[in-house]
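Novice: These are the residues of each chain, in order.
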Amino acid sequence: MLLYALRRLIYLVPVAFGVSLLVFALVHLAPGDPISAIVPPDAPKEVVDKLKEYYGFDKPLPVQYGRWLLVTLSGDFGTSIGTGRPVAQEVGSAFGNTIILAIAACLVAFSLAIVLGTAAAYAKSRVVDRLVTSIALVGVSVPHFWLAIVLVIIFSVELGWLPPMGLGPENATGWRLDWPHIRHMILPTIALSVIPLGVMTRTVRSTIKEILSMEFVTALQAKGMNDRQILFHVLKNAAPVCLAVMGLQAGNLIGGSILIETVFAWPGTGFLLNSAIFRRDLPILQGTTLVLAFFFMMLNLTVDVIQTFVDPRIKRG
Amino acid sequence: MSDLLSVQDLHVTFVTPDRTVHAVNGVSFSVKRGETLGILGESGSGKSVTLRSILKLHPEHRTRWSGSIKLEGDEVLSMTGGALADLRGNRVSMIFQEPATAFDPVFTIGHQIAETIKRHTGKSESDAWKRAKELLELARIPSPAQRLKAYPHEMSGGMRQRAMIALALSCNPSLLLADEPTTALDATVQIQVLLLIRELQRELDLGVIFVTHDIGVAVEVSDRIGVMYAGKLVELGGVEQMVDAPRHPYTRGLLASTVHGGMRGQRLEAIPGAPPDLAEVPAACSFAPRCKYAEAQCLAAPPPLTAATEGHLVRCVGRIDRAISGHLAGNARTHIVDRTGHIPPG
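Here the protein sequences line up with chains V and D, keeping their order. Each residue of the first sequence is one higher than the last, beginning at 777 in this note's numbering. Each residue of the second sequence is one higher than the last, beginning at 837 in this note's numbering.
Think about it this way: if two alpha-carbon atoms lie no more than 25 Å apart in a straight line, the pair counts; the simulated DMTMM-like pairs of lysine to aspartate or glutamate are:
no., chain 1, residue 1, chain 2, residue 2
1, D, K969, D, E1039
2, D, K969, V, D1087
3, D, K959, V, D1003
4, V, K821, V, D834
5, D, K892, V, D1003
6, D, K954, V, D1003
7, V, K1012, D, E961
8, D, K959, D, E1039
9, V, K985, D, E934
10, D, K969, D, D922
11, V, K835, V, D825
12, V, K985, D, E896
13, V, K900, D, D922
14, D, K985, V, D1080
15, D, K868, D, E1146
16, D, K892, V, E991
17, D, K1128, D, E1105
18, D, K985, V, E991
19, D, K959, D, E970
20, D, K868, D, E908
21, D, K954, V, E991
22, V, K1012, D, E990
23, V, K985, V, D1087
No wet-lab data here; the hints were simulated from the structure.
The task is simple: from the sequences and hints, build the whole structure.
Specialist: If you want it as structure tokens, here you go:
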């Protein structure tokens, strides 16, 4: 088991290398020179050249990539062109904020989806099934940024129940687990969870429905198992498929929703990426993308390893 | 001796918003302890539906049962919920056609046998596993201790079916239902599994209902055979009676259409036509449209089940020559010898 995880970890090395190449290339393929974004348009040429030399933009691309990779591997993501602070610090705190929101959205979406999807799959009346299917459809189809704005209008502007933006109370620093902070999370969590809720509800429903039609469920009934015991069998069978989709959905959430974080001014990775793009802040862009890609890889690895625990048919070879 | 199971005038109807299917239309039979009843029929004849009705395994909200199924005097059709679950796998258990799909793929064989034992006997985890190991030995599975920890996909088809038999016997049932348990297996494995079921049946004095579409298998395992067509028993009798003197044209057709070594070069006889649609309750003999002996009275009303000889019931009013031609009986016999001739020693 440990060996399997280790081997999968080693397989990630070439993938990670590819990701780094891609991240580097994407940034340099995009038009626009980061230096011209930070200097005033009338800056003397020698100043611009000096800055380019300082940031290493005067070297050929392969050299820039090599240098960037070496420095990055040593844990130094460079300094932000926009703020002048270390990228690692900026990305770190943004990433933490995004994770908090992503975990909350995952908890809400996945637990609701499992309950709704299972209920729909088991439902004998078509009404319940149709209702849940409609909820799922709405979940995947409603533009979540639009929903976010509607939520703000209703609950913040009209009713004044919940704060419309920010991480927490104004003078607070960082996130803490207390009511003032949780109040700020409620609306973004709802807005962020609609898509995974829709996707997961559909997945859970169809997976369980398929499993319920299998012969072994009849065989379980034939040996006198009660409904609760059969549900346990069904859920364990549904777990591999659902876990795979959950992993992907969680990955999307951790990528941080640029739109949701922008609407709620939530200082996460999406928000950071958004401002970095507008400021042509290359180090931030690269650092964030790299951290996210790395996290995505780790998440998939975790899901794969858990799957081999749940489903013995998946070979660990 | 009183009957272990007594089925009287069983009707099973499946009702969905779109259509109604009259799958079983008045089936009556009984099984004694230590006796094997073979139910023979083609797909859609209602043989599996009849078998599964004994455990009420059809979705409750879509199935209408009527008639009576009595197990040692207890009415099964009126049982629901907990009482029904207490019966299933305990007093009556079932072997399925496809052992690859009848086991839950994500639990070990041992877990699946042990959970059944715990469910019905209240034994502790370790006692249940001990019993599971004994059961695998009983089903002649080599190295049972390792097999307990195996997942279904790690075993061969024959081994899985043996494990399924072990599971079915886990709570000492008095009645074993076998739903085409050898159809999915290779020919040689088929015979081994058949022999195992027959041996265990004698050893444990079980009542067995064995559903199959394979006439050779039915003759091999059964004491009595019932032939089903369009949701009704058309003929029921002892193996000898059925093979030597089949009365119903359909039974004769089935016997005549089997392949066996003695008829090399001959043309295989087939029953023309297809079974009827069961959307409506048959108002005449269901086999009449395919029967070469059909007469006016066959279409007038459904024929009753009448006793041709002692213990031999036939649902046919036709005045066809009921004396059986010698070659038919001889052929069926040859066929059986052919099959058993392949039994590997031990």
